[in-house]
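The hints should help you fit chain B onto chain A, whose structure is shown.
Note that the protein sequences, when read in sequence, are chains A and B. Numbering-wise, the first sequence is residues 1 to 140 according to this note's numbering. Numbering-wise, the second sequence is residues 1001 to 1278 according to this note's numbering.
Please note that a few of the clues may not be correct.
Unchecked claim - As a list, the in silico DSSO-like pairs of lysine-lysine whose alpha-carbon atoms are at most 30 Å apart: (1) B:1263 - A:59; (2) B:1255 - A:86; (3) A:110 - A:86; (4) A:17 - A:69; (5) B:1263 - A:17; (6) B:1263 - A:114.
Please keep in mind that the hints were generated in silico from the structure rather than gathered at the bench. No experiment lies behind these values; they were computed from the predicted model shown.
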Amino acid sequence: MSEQAISQAEIDAVFPKVAQIVSDALGCELDEVTPKASLIQDLDAESIDFLDLVFRLEKGFGVKIPRGKIVEDARGPLPEAEFESKGIVTEAGLARLRDFLSEVPADRIKTPLKASEVPRLFTTETFCKVVIRAQRAAQG
Amino acid sequence: MSGRFRSFSFVDRITRREGGRVEGHFGVPLGAHFPASLMAEAVGQLAAWSAMAQLDFAHRPVAGLANAVHYHALPQPGCTLQLQADIERCDAEAVAYSGKAFVDGRLALELQDSVGPMLPMDEFDDPHALRADFHTLLGAGAAPGRFGGVPEPVLQDLQAVPGERLSAVLQVPEAAPYFEDHFPRRPVFPGTLLMDALATLSLQLAQQSAPLAAAGPLVTQKVSQVKIRSFTAPGAQLQLEVVLQDIDAQRARLKVSARNDDKTVATARIEITPRGAA
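Okay, chain A solo, but in the shape it has when bound:
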């Protein structure tokens, strides 16, 4: 999947509102919601929180974020069989994640990583990028 790079200026433009929405959805303090904070590891988010968060981002930004899109985008052009093997993300998959989730500290993306645990990597900045991609998609 080719994708125009997302600039820091674009991320900075949506970050304050994304951070407020994350804070509201998770019930945590706004100052805990840093760009690099992992929602699951640092802010105790659970799967229901992701559902809540995606709905709030859709309403807050007036965009559509298709279900499953975030994980699908993370896998990118790699077929599932090349991205994971027996539920564990392959070396090619890890390389793809380091590239796609460039906001995630590289030392968090290490083997063995279960494919089902990829959302554990997602940070506030990941969701900024989700919003920016949805805004771009809406503009065609």
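Frame of chain A; chain B shown alone:
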């Protein structure tokens, strides 16, 4: 007799299903304890029937989120709730909807922006039986008066700091008729009954706290930012806590939560007002 499709079912008949709108009704039996939170359950169940049918009963929504529930009137025994729900979106991941309950044409409850995560139906109930029940609701309807009430919440070990906070242990029963219906293959303590217990505790704290303590009978006016984060099994002991955020002569706002050991099971905000002020 099995409690399935009776002991925790709050739609007697579905009268209209068109586009995203679904309408139906439920008769509140005489002599059955029916807390106000069950009006929200009834609206949620109406939306759930429509959503499950849309997904051919392969998935069902379980618990979830509600942005706000506004209470305008208390349900009286013997009244008929006219129910409506508007389904905003529905897929194998979640159903999102809003809805209302009316009594005698007057708005009794409003549910705004609710989201139910979808889970595999097989885990909770028999898809074929549910499909048959759905056709009953679309046709002649289910037998009215089959709901026998729910027990009052058992709150123990209450510890209060009046004007500040109140905590209690909610003993979830090991067995109760509603577990046969919610759900037949996997009993789960209903989130609306958990919210009822938290509202009961919130009312107690507001009644002990100045200046609302002098305001006479109080009612729950609004429950917002409801989030049910995990399932509660029969026999669980939940630690409930309600904390006053602010209070004046017209209203108390509280932050409420339920925990099971270290895990937060549910969170919400509750607003209490003097009866008649809502």
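Restraint check for residue 110 of chain A with residue 86 of chain A, where alpha carbons must lie at most 30 Å apart: The given pair, whose Cα atoms are some 16 Å apart, holds under the 30 Å limit.
Given pair status - residue 86 of chain A, residue 1255 of chain B, alpha carbons within 30 Å: Outside the cut-off at roughly 43 Å; violated.
Straight-line alpha-carbon gap residue 1263 of chain B to residue 17 of chain A, limit 30 Å: Measuring from Cα to Cα gives roughly 28 Å; hence the hint holds.
Given hint residue 59 of chain A paired with residue 1263 of chain B - CA-CA distance at most 30 Å: holds, 29 Å
Residue 1263 of chain B paired with residue 114 of chain A [C-alpha distance capped at 30 Å]: Holds, at about 23 Å.
Given pair status - residue 69 of chain A, residue 17 of chain A, alpha carbons within 30 Å: Given that 30 Å is the threshold and the Cα spacing comes to 21 Å, the pair holds.
Violated hint for the displayed structure: number 2, the only one.
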